[in-house]
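Those protein sequences? They're chains B and H, same order as listed.
Just so you know, our numbering puts 471 at position 72 of the first sequence, and the rest follows in order with no gaps.
Just so you know, our numbering puts 294 at position 194 of the second sequence, and the rest follows in order with no gaps.
To be clear, the hints were calculated from the coordinates, so they are not data collected in a lab.
Quick caveat, the model's predicted, so the values are computed rather than measured.
The reader is advised that the hints may include incorrect statements.
Claimed, not checked - Using 25 angstroms as the maximum straight-line C-alpha spacing, the simulated BS3-like pairs for lysine-lysine come out as follows:
1. Lys641(B) <-> Lys667(B)
2. Lys542(B) <-> Lys567(B)
3. Lys322(H) <-> Lys641(B)
4. Lys322(H) <-> Lys586(B)
5. Lys322(H) <-> Lys667(B)
6. Lys398(H) <-> Lys358(H)
To be verified - Here are some, though not all, of the chain H residues that point toward chain B, as calculated from beta-carbon distances under 10 angstroms:
7. Pro218
8. Gly314
9. Asp435
10. Ser438
Unchecked claim - Some chain B residues near chain H, calculated using beta-carbon distances under 7 angstroms:
11. Arg484
12. Phe485
13. Arg497
14. Arg577
15. Arg642
16. Ala666
17. Gly674
18. Pro690
19. Asp713
The C-beta atom is built at its ideal place from N, Cα and C for all residues, glycine as well.
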Amino acid sequence: MEISRRHTLQGAATAALIATPLPVIANTATARWMGCRQVREAYLATLFDSTGYVHLDVQLPGRGHDIVPSPDGQRVVIMARRPDRFALIVDLRSGDVRHHLTASDGHHFYGHGCFSSDGALFYTSENHYETGDGVIGVRDTNKGFELLGHFASGGIGPHEILLTPDGKSLAIANGGIRTHPDTGRSKLNIDTMAPSLTLVDHTTGNLISRHTLDAEQRQLSIRHLAAGPNGLAAALQYEGPKRNRVPLLALFDGIYLTLAETPSAVAKAMRNYAGSVAYDASGEVIALTCPRGNLVSFWSSDDGTYLGSHTARDVCGIAPLKNPGHFALTAGAISLHATLHTTKTTGQFADTQWDNHLVSIA
Amino acid sequence: MPFSKAFRSTLKGGAAALLVTGSLLSPASAGAISTDQTTALLTALTDQLIVPGYTHLAEESSQLADVLDAYCTTPDTEGRTQVEAHFHTTMDAWQRVQIIQFGPIYENRGPARFQFWPDKRGTGQRQLRQVLNNQDETVLPSGALAEKSVALGDLQALEYVLFNDPDVTAQPDSFACRYALAIARNQEIQATEIVQMWTRNGGYREQVLSAAEGTDVFFDEKEAAGRFLNDMAGAIDVVRLQKLDRPMGLTLTGARPKRTENWRSQRSLRNIQLNLESVQQFLTVEDGFGDLLTSIGKDETATAMRELVSEVLVDIAAFDQPLSEIVEDPDTRGDLESLLAKLRSLQSVVREQLAQDLGLVPGFNATDGD
């Protein structure tokens, strides 16, 4: 395996001619994405391009969740889906797994992480499950991702984390839902949940600020985040009575966390569950995916105005394309490109169920 | 704010201008089935199967308790026959509703309060033996078992007390017999509570029947219909994996007869038959899944399911040994393999074809919390 892979590297320029997908990352002009998927019994993290061509499949020990590219674009971290405990660091040039991380004793990962802007540190959202405290693990990427320590996330159930655009703080979506590995994914505190968006100093771990929705919206779990030029967008899931139709997009301008005004027909179509959120390249359009509603919806990042939507079965993974207003998506077994006005299938993947998230790979 | 400055962007208007007109919101699901049709399905299954099923369980356990009450005082042969007959009709009633995997059954410690099985680590049986050996009177007062381990007050415990050693309940006013009576009363209490939780004002029946408008527990009628579909697929799953595969083992030498359900009262196959009859009723009851399929021109799926269920039921009826013997019998064990294959086919028709026809296929990304 090792030999044959190096052998094919000799002829990297001919990679496009090789029929079977191999762990050779050719320098192509087409845009590329990476997402986790299930193929029959196997869990994979897959790098593919806008023609649907698969460049790399990384075998995972369990179902994966988010994939985090390093700032230099040389490698990615593939995070386990909660409540699993693995993370793999993969070299994008060779396709090799460089490190295999395991969450420290008493902790499991929540599926997301992010790098510091210089790439020296890697942060992971984690559950210290005996206390239920949400924590952020800090790892030294120059020392094999050795764990340096944990700091508080400022809430229960931290999920997606990202570096704010100024590179100085971490934005943390504390979903508010307590779980314990003994009871799998069962939610233990729906009656008292208190989700928040916290900003934490990424060097000291000090809490800078905590932002919440109004008290009557405390069952809107804040789970996924995207960063744009004017602020952050948060994708929500609703844990309250199912008769209620609620907004699932919140915008954060650095001071206020506000729900996007959502037409009731749209709220109904979204089925109280958003899975991923992304800004377009211009930062003016936010796209929100709702896999239960089989819906991708578009919103103005300026004031949260609803712009429109498309249906796509089991749509969830989303990442911006270079053109303003254009997005790449994964839905069921396909990949597609979408704007507010159009959708186009770009790839069909055999026996595939694409997972929640998709990231652009430079 | 530490980064609010960075958020001040000069981007205004510009690219957003070309995106102003939104596409029409198209319906999010396969459209052939009306809300009324789905509500008719929910009503049929709830009012013809679920509520009568739980009511029947409450009645049967009540009668079993009455019969036990008399038998404990005067343990004669005729009484014994009565007790066993009523144990079986009570267990029949439970096995018919065992298929239901949502709603009130999941409250108050869940389905295990009716049947804690399989008891993989033997913890339930250890607790049970302790109660019997110590003649632990604390299990006897009315309502006491509802507060104790589920394994002390469920139908498995009752089976053990009655069938493990029939002699222990055969003495007048014996501890074991009074304990059996306490279990039967506990079952009556638990089943009655389930019936009330379904039927009371604002209860679960109303949640199901008004699902189309959105309720506390159902987003819409499709979600509720999906629960019933899951019940059918889930019941077949339990029969295959827990009731057949697990006692069979991979090979003949791996067979474990005592892993068959209710081997002490020799009713393993009868349980399976009742489970699958419930699946069949979900299909064949008026306005059930079968009628719904027919009304949208999917007769093929309906027919395939009906035929498979009937075949499976015929196969089960054809066995003339208890399951605990069949798993170890090289001559008949092969028949279980073919039964398993048919169950797998049935399950894939339910999970794939039926779900697709009705637009109820759950998405891979639809799970909570990610």
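Tested hints:
1. At roughly 10 angstroms between alpha-carbon atoms, Lys641(B) and Lys667(B) fall within 25 angstroms of each other, so this suggested pair holds.
2. Restraint check for Lys542(B) and Lys567(B): satisfied, since their Cα atoms lie roughly 22 angstroms apart, inside the 25 angstroms limit.
3. A threshold of 25 angstroms between alpha carbons decides the hint, and for Lys322(H) with Lys641(B) the separation of about 13 angstroms falls inside it, so the pair holds.
4. For the hint linking Lys322(H) to Lys586(B), the alpha-carbon distance of about 23 angstroms falls within 25 angstroms, and the restraint holds.
5. In summary, the hint linking Lys322(H) to Lys667(B) is supported, as the alpha carbons are separated by about 13 angstroms, within the 25 angstroms threshold.
6. For the hint pairing Lys398(H) with Lys358(H), the CA-to-CA distance comes to about 42 angstroms; that exceeds 25 angstroms, so the pair is violated.
7. Given hint, Pro218(H) at the interface with chain B, is violated; its Cβ is 19 angstroms from that chain's nearest Cβ, farther than 10 angstroms.
8. Taken as an interface hint, Gly314(H) checks out: its beta carbon lies about 4 angstroms from the nearest beta carbon of chain B, inside 10 angstroms.
9. For Asp435(H), the interface hint is violated, the least distance from its beta-carbon to any beta-carbon of chain B being 29 angstroms, above 10 angstroms.
10. A cut of 10 angstroms between beta carbons decides the hint on Ser438(H): the least distance to chain B is about 25 angstroms, and the hint is violated.
11. Restraint check, Arg484(B) versus chain H: the minimum CB separation of about 16 angstroms is more than 7 angstroms; hint violated.
12. Because the beta carbon of Phe485(B) sits about 16 angstroms from the nearest beta carbon in chain H, more than 7 angstroms, this interface hint is broken.
13. Here the hint on Arg497(B) is broken, as its CB sits about 26 angstroms from the closest CB of chain H, past 7 angstroms.
14. Among the interface hints, the one on Arg577(B) is violated; its C-beta lies about 11 angstroms from the nearest C-beta in chain H, farther than the 7 angstroms criterion.
15. At about 4 angstroms, the closest approach between the beta carbon of Arg642(B) and any beta carbon in chain H falls short of 7 angstroms, and the interface hint on this residue holds.
16. About 11 angstroms separates the beta-carbon of Ala666(B) from the nearest beta-carbon of chain H, more than 7 angstroms, and the hint is not met.
17. With a cut of 7 angstroms, the hint placing Gly674(B) at the interface with chain H holds, because the nearest CB-to-CB distance is about 5 angstroms.
18. For Pro690(B), the suggested interface contact is upheld, since its CB lies about 4 angstroms from the closest CB of chain H, less than 7 angstroms.
19. At about 4 angstroms, the closest approach between the beta carbon of Asp713(B) and any beta carbon in chain H falls short of 7 angstroms, and the interface hint on this residue holds.
In summary, the structure is inconsistent with hints 6, 7, 9, 10, 11, 12, 13, 14 and 16 from the numbered list given earlier, while agreeing with the others.
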